[in-house]
Amino acid sequence: MRNSVNRPPTPDAVEIQQKRPTLEEIINIKLIESGEKERLMELLRERLTECGWKDDMKSLCRALIQKKGRNNVTVDDLVHVITPEGRASIPDSIKAELLQRIRTFLLQAAV
Amino acid sequence: MSSKINHDHHHQRINGQTSPPPCPHLAEFHARNGSKPFRVLQDCLRVKPPGGRAAIRRDPSEVPRCGACGQSSRPRLYACVACATIYCHASPGPSHAAAHATSMPPGHEIAVDVDRAELFCCACRDQVYDRDFDAAVVLSQTATLKSATIQSSTPENLRKRRRVDYRHWSPDLRERTLMGSGSSPLDWSMDPPWGLRGLNNLGNTCFMNSVLQALLHTPPLRNYFLSDRHNRYYCQQKNGVTSNNNNNLNGSGRRNAGGVDSKNARLCLACDMDAMFSAVFSGDRAPYSPSKFLYSWWQHAANLASYEQQDAHEFFISMLDGIHEKVEKDKHKHPNQGHGECCIAHRVFSGILRSDVMCMTCGFTSTTYDPCVDISLDLEPHQGSSAKTVSAKAHHSFNGEADPINTSQACGISTLMGCLDRFTRPERLGSDQKFFCQQCQVRQESLKQMSIRKLPLVSCFHIKRFEHSSIRKMSRKIDRNLQFPFALDLSPYLSSSILRSRFGNRVFPFDGEDSDASNEMSSEFELFAVITHTGKLDAGHYVTYLRLSDRWYKCDDAWVTQVNENIVRAAQGYMIFYVQKMLYYKASGKQVNARYNDSKGTKGTLNQFCTGQVT
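First to last, the sequence lines map onto chains S and Z. Sequential numbering from 1 applies to the first sequence in full-length UniProt numbering. Sequential numbering from 1 applies to the second sequence in full-length UniProt numbering.
Here chain S stands alone, though its shape is the one from the complex:
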């Protein structure tokens, strides 16, 4: 891309290398590189749509927009409001299924 002269100075890259990557980071990268993360995301989307979670979140967003007015709501506002509610209302079965998938993946990736 052009405008590389506008890039922030390179010290950022040096800083990253000095921090040791967390376990979460390592797993995340492994998931992305193998393509498993995409598959898990698709599975998660499917499950959350099936059980009506997506529709519930949509209703929440609509309610918020109606309350605050269409022109007074940003994406960030919506994310901020529905994140805690969303995280709390995910069915346990879906959590279990995804955890199982990740566990299986890690076992097979560790070999």
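Since no wrong hints were added, every one of them can be taken at face value.
Example chain Z residues on the side facing chain S (calculated, C-beta under 10 Å, incomplete):
hint, residue
1, Val63
2, Pro64
3, Arg65
A few chain Z positions that, by computed beta-carbon distances, are all more than 10 Å from chain S:
hint, residue
4, Lys36
5, Asn201
6, Gly203
7, Gln299
8, Asn303
9, Asp356
10, Cys372
11, Met417
12, Phe436
13, Glu524
14, Glu526
15, Gly535
16, Thr561
17, Ile567
18, Ala571
19, Gln572
Calculated from the model, a selection of chain S residues having no Cβ within reach of chain Z, i.e. all distances over 10 Å:
hint, residue
20, Glu36
21, Arg62
22, Gln66
23, Asp92
24, Glu97
25, Leu99
26, Arg103
Because the hints were derived from the structure by calculation, they are not lab data. Heads up, the beta-carbon is just placed ideally off N, CA and C, and yes, glycines get one too.
Given the structure of chain S, go ahead and fit chain Z onto it with the hints provided.
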């Protein structure tokens, strides 16, 4: 908070939604970066699996991570469009993306979500939209071949039609005298209302009577014939149906000057309809025998000519076809059936369906448009549920028509909207129905999705109650009750809505430029007729329920009675008719028949017989 939107901007509607005007930062970005500021981003669009989501990656195996904190596991990562650095964004928590926008000189506010390919303004902290960018995203997701256009009968066929303001017209003195001498006014306050007349059964002809009753009260069709748009005397004279003409032929025997067989020249289903309209709306209450019409129809559909019970839907299709056939085809160069330019039958009933077939291997999507005069819907497969719960929940559904579809499906009640949902749902074409993919050049498993490209003036929904199984060599009738609303909004089934759910909120019009104006303003429909079938497959009876001035009338052959609307709700709908709530004038350059000019010179055309609100 969101930036104050400049309300002077022109709010155009794309895909049925108002396209938001750009925030000041986006506007500045455009001004600074010329005509195609996002073109570089387009090269980074990655779509996988085929037909799936679009992401932004510099190279396919890139693992995006925040340039400030090095994290790659953050849920929202944005790439600055100006300098291509990726930053994380959490709100209200620490946002390196917002910090970047404020710390850099102006021009770094616009970023793109790397996982969702959606534009974001870090200063306004809100999503923004750009048409060219969305166009690129949609195109990358459909993976169309760049060289050839695939769509058959593309929207380019649509002539741009301006909408014309309704101009009130009243007759001048000369016209008043003309009307007064040749007609008598209808008294619309009469009770029972005009046009209600029983039809005698001529021998298992309830299939015909039921359809005729519905058509006699289809507002645009009724208006057309009652305003003398198809004058049977003039039509027969034009076709040379007089004994004089036959004698003056030069030797070729049966053919007259028009090149039409003299026997068929007498046959014009529209003329017979005209006669029927005149008879039914004459004020005479004695039941009418549509024998002339039956005879004409037999001649048109010889294979169905018998005294056996026929299928009402089959008759409906055959009849519309018969009206269409008699139109002089030389007047219109390429009569476009889908737009109803050929005959009144298509003008009223014809819509356009869009079919998308997507190859599941490469994502290539093939789109076709087909005209249709009705929509045939399958009933949902039988859902097991105890009788008690069904009746209890049914009561709730009746009272609140805004109930979500889920509730009714959960307790086993079929609704018309449920059927329409199934009709427009993506359907997997299995391994035995592989579709030839032009990109892969082999037959592949595909995903097919239907949607409504153009709504007709009158929507007829045909419920497929007669199941013919060639495997089991038997046919049966599905008696399950279907709930249908009195007012219906078809906008969720339009192509623009269906495609929006596939591609997300994009301001690139999915369906070609022209579709929106005509569709989204007129997607509200009102129920006016229901044809029901009772009994078995081979021994049954058709009855029509008509809604006139918000009262319901049951038309059972020669017997017409007023009934309560709950009777209609409980009836077994077979063909359900809805008419557009608001009819709009369209400007049309074509003049159909000079006879219908009024003295002021405004041309009367097929398009301009509808006025304002439908009663």
